[in-house]
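Generate coordinates for the entire structure from the input sequences, incorporating the hints supplied.
Quick mapping for you: the protein sequence lines, in order, are chains A and B.
For the first sequence, the residue numbers in the working numbering are 1 to 147.
For the second sequence, the residue numbers in the working numbering are 1 to 298.
Hints should not be assumed to be uniformly reliable.
Stated by the list, open to error - Computed cross-link-like contacts, DSSO-like style, restricted to lysine-lysine with a CA-CA straight-line distance of at most 27 angstroms:
| id | chain 1 | residue 1 | chain 2 | residue 2 |
| --- | --- | --- | --- | --- |
| 1 | A | Lys34 | B | Lys161 |
| 2 | A | Lys124 | B | Lys161 |
| 3 | A | Lys65 | B | Lys161 |
| 4 | A | Lys133 | B | Lys71 |
What the hints contain is simulated information worked out from the structure, not anything from laboratory work.
Note that the structure is a prediction, hence the values are computed from the model and not measured.
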Amino acid sequence: MKKSEILTCFQCGTCTGSCPSGRYTSLNVRRIIKDSIQKDISDELELWMCTTCYNCQERCPRGIKITDEILKLRSVAVKKGKVLPAHRAVCRYLIETGHAIPIDDLHISIREQIGLEAPETVHKYPGALKEVKALLKSTGFDELIKE
Amino acid sequence: MKELSLFLGCLIPNRYPGIEKATKLVLDKLEVKWSELKEASCCPAPGVFRSFDKITWLALASRNLVLAEEKNTDLLTLCNGCFSSLLDANNILKNDAGLRNEVNAHLKKINKEFMGTIDVRHIIEFLYRDIGPEKLGNSIEKPLPLKVAVHYGCHLLKPTKDRKLGGAECPVFFDELVEAAGATSVPYEGKTSCCGAGGGVRSAMLETSLKMTEYKLERMKKAGVDCIVNACPFCHLQYDGGQVELAKTGKKYDLPVVHYSQFLGLALGYTPEEVGLHLNAIVSAEFEEKIALIQKKG
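What follows is the structure, encoded as structure tokens:
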């Protein structure tokens, strides 16, 4: 079922020609799609070179949801423990603070300088942060990103 | 249309609070009915979290959506990443009963339930659709005769079938808003190309992401613009912080980076400091003097 759509790929390369990352990196979306049909590509670093700009998906003459497919391939890789250290760090921030990019002392003081109080986010409401933590536990996200 | 709850996300309150302040000034000045969305978390960011686990991404997004549902307001984002996560999650959960049930089982543990009663807005599409460039132009107090490189950002436009803002190859709505503020949107090569930050690339592969940024900055500079105007704090960070990172390799651009909330704030008569331009990494005395001169004359 999952592969029925990508099996219609005729390897035209519009995706690769439209890829802003592939201009500079070894990311070749056409090859990723081809290989993903035939084998497990969880180890490939190229999966993480995609900025998810959706150019390939927009332009695919077969209407294949290519970017969404890359997201699926990434989640397969993550389930096998293939997580880049920087991404693991961002996940930890989310689990600990409810934000991918939490506030720091410098920006608390900058906010004060321009007349802004603490942001009205989970940063200000401990009960809200508890809810976020409970959700991340409930979905198993904390287990997923454990080393 | 419902009233709006302002969703801050992470980067705006925690790294670029000038954009938060400018947005609040602008919404008040335009007499838009809005209030803070209290207790919200990360949207969660589409690049890493959507890639990692769809259900976690949906569950956390749905909690933010439910906070707005509980107030019976639509949710206003200022960031293409937040717009992408929250709009897509809202659509998925409204249309897929299986996923909605699965997510609601998680939400039940914190006494919440996704109902699907609100819409997700982005400040650019809100200003374009609900106010419109013509009416907005009439409220401008200090028209800004500047040459601008408009950067839409990928997730404001794409996937086009979900965004419903027209095509992604040659969009015009954001340019019209910039021109409503008295500026000229200058065409440049690669205008709809990515800033390089998304998909978790900036966080894990900074050098790679900066190659894409350099591609953009080179072409904006060549077009002879006074500044970049964007619709997203992540693009904003990539251009602003990215210029500092690129300067370490000897590449210098000196292009001021301005979120549209800030740009509109200037055109509504607020000073560069009031809209937080001084909080950018790239601060251009020349640009600020230009603005000061325009505002003095205007």
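Here is what the structure says about each hint:
1. Lys34/A / Lys161/B: 25 angstroms, holds
2. Lys124/A / Lys161/B: Measuring from Cα to Cα gives roughly 37 angstroms; hence the hint is violated.
3. Lys65/A / Lys161/B: 11 angstroms, holds
4. Lys133/A / Lys71/B: Answer holds: lysine 133/A to lysine 71/B is near 23 angstroms, not above 27 angstroms.
Comparing the model with each earlier hint shows a violation of hint 2 alone; every other hint is respected.
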